[in-house]
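Peer 1: Sequence:
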Amino acid sequence: MTEISVLATLDETTDLHQEERLRLFVQQQQAIIGLLAENNQVLEKQVKELTERISQLEKELRQKKKLSKKPQLKASKRAPRH
Numbered sequence: 002m003t004e005i006s007v008l009a010t011l012d013e014t015t016d017l018h019q020e021e022r023l024r025l026f027v028q029q030q031q032a033i034i035g036l037l038a039e040n041n042q043v044l045e046k047q048v049k050e051l052t053e054r055i056s057q058l059e060k061e062l063r064q065k066k067k068l069s070k071k072p073q074l075k076a077s078k079r080a081p082r083h
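The opening residue of the sequence shown carries number 2 in this note's numbering; numbering runs sequentially from there.
Worth double-checking, as some hints may not be accurate.
Pairs of lysine-lysine residues, derived as DSBU-like cross-links and limited to a Cα-Cα distance of at most 35 Å, are as follows [said to hold, decoys possible]: (1) Lys49 x Lys60; (2) Lys66 x Lys46; (3) Lys46 x Lys65; (4) Lys46 x Lys60; (5) Lys66 x Lys49; (6) Lys49 x Lys67; (7) Lys65 x Lys49.
DEER-style ranges, computed between Cβ atoms [claimed, not checked]: (8) Arg22 x Glu59: 51 to 57 Å; (9) Gln30 x Leu58: 37 to 43 Å; (10) Ser56 x Glu21: 36 to 42 Å; (11) Leu44 x Glu21: 31 to 37 Å; (12) Glu21 x Ile55: 49 to 55 Å; (13) Ile33 x Glu53: 43 to 49 Å; (14) Leu51 x Phe26: 53 to 59 Å; (15) Glu21 x Glu59: 37 to 43 Å; (16) Leu44 x Leu23: 29 to 35 Å.
Hints listed in this document are in silico derivations from the structure and should not be mistaken for laboratory results.
Cβ coordinates follow ideal geometry from the N, Cα and C atoms, glycine included.
All chains should be built: construct the whole structure from the sequences, respecting the hints.
Peer 2: Structure representation (C-alpha cells):
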C-alpha cells in the first residue's frame with residue numbers, strides 16, 4: 002500500500018491563522034483522497050482480473066464435469082457381462 006506523507010500536522014501549525022490551518026488541512030485531505038483513489042483503482046483492476054479468472058476456471062470445471070459424467074453414465078447402463 003502507498004505510504005501517505007503528511008505535509009504538516011496541525012500541532013505544527015499553531016502559529017498560522019485559522020484560515021491557513023484549514024487550507025492546509027484541506028490540502029492534506031485532498032492528497033490522502035488522491036492516494037486512496039489510486040489504490041482503489043489498482044484494487045478494482047485486481048478484482049476484475051480475478052473475477053474473470055474465476056469465471057474461466059468455473060467454465061473449465063463445468064466442462065470437465067460434463068466430460069467425466071458421460072463415460073460414467075454409459076458404463077452404468079451396460080448390461081453386466083457373464
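Peer 1: For which of the previously enumerated hints does the structure constitute a violation, in increasing order of number?
Peer 2: Violated: hints 10, 13, 14 and 15.
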